[in-house]
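My numbering applies: residue 50 is where the sequence shown begins, and numbers increase by one.
Among the clues, some could well be false.
Stated by the list, open to error - Each pair of labels, with its calculated beta carbon distance range: (1) Gly376 <-> Asp98: 50 to 60 Å; (2) Gln247 <-> Glu423: 50 to 60 Å; (3) Pro568 <-> Ile274: 46 to 56 Å; (4) Arg263 <-> Arg379: 36 to 46 Å; (5) Arg263 <-> Ser408: 49 to 59 Å.
Stated by the list, open to error - For lysine-lysine, the following DSSO-like pairs were computed, each having C-alpha atoms within a straight-line distance of at most 27 Å: (6) Lys666 <-> Lys599; (7) Lys563 <-> Lys715; (8) Lys435 <-> Lys516; (9) Lys642 <-> Lys227; (10) Lys519 <-> Lys541; (11) Lys542 <-> Lys428; (12) Lys715 <-> Lys693; (13) Lys260 <-> Lys221; (14) Lys238 <-> Lys211; (15) Lys656 <-> Lys516; (16) Lys599 <-> Lys188; (17) Lys656 <-> Lys629; (18) Lys604 <-> Lys683; (19) Lys188 <-> Lys605; (20) Lys435 <-> Lys563; (21) Lys605 <-> Lys627; (22) Lys642 <-> Lys666; (23) Lys736 <-> Lys715; (24) Lys339 <-> Lys61; (25) Lys519 <-> Lys715; (26) Lys656 <-> Lys736; (27) Lys428 <-> Lys522; (28) Lys605 <-> Lys339; (29) Lys533 <-> Lys519; (30) Lys519 <-> Lys604; (31) Lys339 <-> Lys83; (32) Lys629 <-> Lys605; (33) Lys533 <-> Lys516; (34) Lys604 <-> Lys188; (35) Lys563 <-> Lys599; (36) Lys599 <-> Lys642; (37) Lys260 <-> Lys188; (38) Lys339 <-> Lys542.
If you're looking for bench data, these hints aren't it; they were derived computationally from the structure. Yeah, the Cβ is synthetic: ideal placement off N, Cα and C, and Gly gets one too.
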Amino acid sequence: MRQKVQSAADAKLRTALENMRYKACTEEDIEFLKTRISGEQPANPSLRDPRFRDVSIITAWNSQKDRINELGTHRFASDHTQTLLDFLSEDKWADVSGSTSKSRKKSKLGAHRSDNISDQDQQVLWSLSPHTSDHFAAKLQLCVGMPIIIRNNDATELCITKGQEGTVAGWKSSLGSKGQQILDTLFVKLVNPPTDVQINGLPPNVVPISKTTRTIPVRLESDAIVHVSREQVNVLPNFAMTDYTSQGKTRLYNVVDLQHCSNHQSYYTCLSRSASAEGTVIMQSFDSRKITGGASGWLRQEYRMLELLDEITLLKYNNKLPDFIHGHRRNTLTSLYQQWKGKLYVPSRVPYQIRWTSSDPLDVDNTLDNVEWEMVDRKLFLQNRKEEDLKNFVPAKGSVPVETALGKRKADTELVNSVIKKHITETTNNPPLDKPLGLKWDSIDYSCAYDSLFTILFHIWLTSPHKWNKHMKGFTDFTDLLLKGFQQAFHKKASLEQGRDSLRKILNQYNAVKFPFGPLGTSVSELAHTLVGTEHDLDAWMRCESCGTKVPTGKKIPHIYCPVVSTSLSTTEWLMAKWKCQPQDGTQCSTCKNTVHGEWHSDAPPKLVLLDVFAQKISISHQVCARGNKLNTKLHLKGIVYYKDNHFTSIVIDRLNNVWQHDGMKSSTLENCKIDLSELSPLELMKWKGAAACLVVYSRLL
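Make the full structure from the sequences, and use the hints.
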């Protein structure tokens, strides 16, 4: 924390930050931090305070940062009665044929015949948020006085460095190849530069930033990657920045949004930018569990080792270190130090949060003979490992290699094969190896609701574990626990049933009425809503047909729905109607003031959608479409949970559209129905062997 004075509140904030560093905040720390949450109470700070009006908000997600910047530019122009001007980039398709094999593999679209971009494709590229194009903006909306942040080290001697903040002082522009306004030079007035800058012909601390050309990967809404050669001035609006960007800054007024910060280190980064407690504002409530409970074992060990090395360095500097304690590796130094002082000796300078005791010792690797470093030929290493894997692999009779059938990555395929083979060997009576894995029913604490839903989610997750981990992490704390259970099964550390039971205990503690133990049963709808949650729902917007402006709808695109339909519809028709704004809704464009209606879009369309369809007059479509930036994104039917006679079962649809049935009461493996999804009509899917559909799961193919 960068304090210059210390009031009573500053002392509390400093103490909270010291504890937060080690994820050891106390109840007093939490209560103090809550007093800095923006609110209407006199004791709380307010975002209406003019001091915080144009302060850049520190947030965790780049997509959230871009959205705040978009809203902030319009609000700033309105507050200062100015007109926003759109400066668009000059784009061409980039030739990546001469780049590295890694770059070529990263691109998911083929090479283009020429570098010219069609008008339709160009409009799509211009509509994408900066975080999809390496933060090199396709469109900059600017007016004089607007806060901006520089995104590149153009001239360090002139303080034109990455992360330097400023305001728009003026610009020179021209017309691009498609008739669009493009920036040639942007004049920026630096805010609090390290040194004063004076350029002939310009006011003090005003610097010119010229447009530059970069080849960047652009991620489309379909997750396809294209490479574009873009010409633009490398700045962004500065109404929000990420916690990563904020590092190293001292902020007199520090507005932070902690909602999506992933851990205590992110919380610490955001809040430690403050110069005072009075200037700190937390925008909304935060999850106190992320800054309490103590640091993880490996991180605590790392902190302890660093403290020990600090002590050794201090003794060495003061010539108080014995001669026999020397070495070039930290395990050597710390091991010798503990031989001198004893394993339970704790230097006085070590913070109390990480001090070690006999019950919680500091374990140091006592190996003094270290392996020498050597350069490894990566190609030879990978070739030898592949040959070793082939020697140890014995395929099942009649099986098809997973890589060929499903097109998965090698790492995913190896792990999926190993966990399924291990679990089948342990929990079943030698069934065929080509049977997919499910969860076995708990006959004491009835688990069919969990088994049916988790089996579907597990098989979605198996299609690409790395990508689904990244996408689903942070949905809720319960989702994170579910993913942890999947990963432990993935790495042969536990069974799926053990992961399910661990999550059930947490859910029972959360709400024992909704998630009881014993034969009372659980609603799969309640389970799905609690598991998926609503914190991560996506902001929806529409495109104004008159001026092309993105108009926020003020509503969100959730991941889970409960349809209420009076007439028979398909899930596709119902969702399309749900993702549409009617003329009578009265949504108005902030630029041209025309009424906007039509289909909703999102900067990040949902990759997972669940529909609660129990007792609804609706048919189940084989696929539905989310929309984002004029790109249709298909979500495929991946599973349905059915209910009959107080028992839940499910069907799972694999990538080849084969239908598998799961009933954990009968078997922990899935039964091949020997039918293709295309052979089942949407109406037939509402009933399965006399059971009624109650939950439908759609997902994208990652």
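Task: Unsatisfied constraints (hint numbers, rising) - done: Failing hints, ascending: 6, 11, 20, 22, 25, 27, 35.
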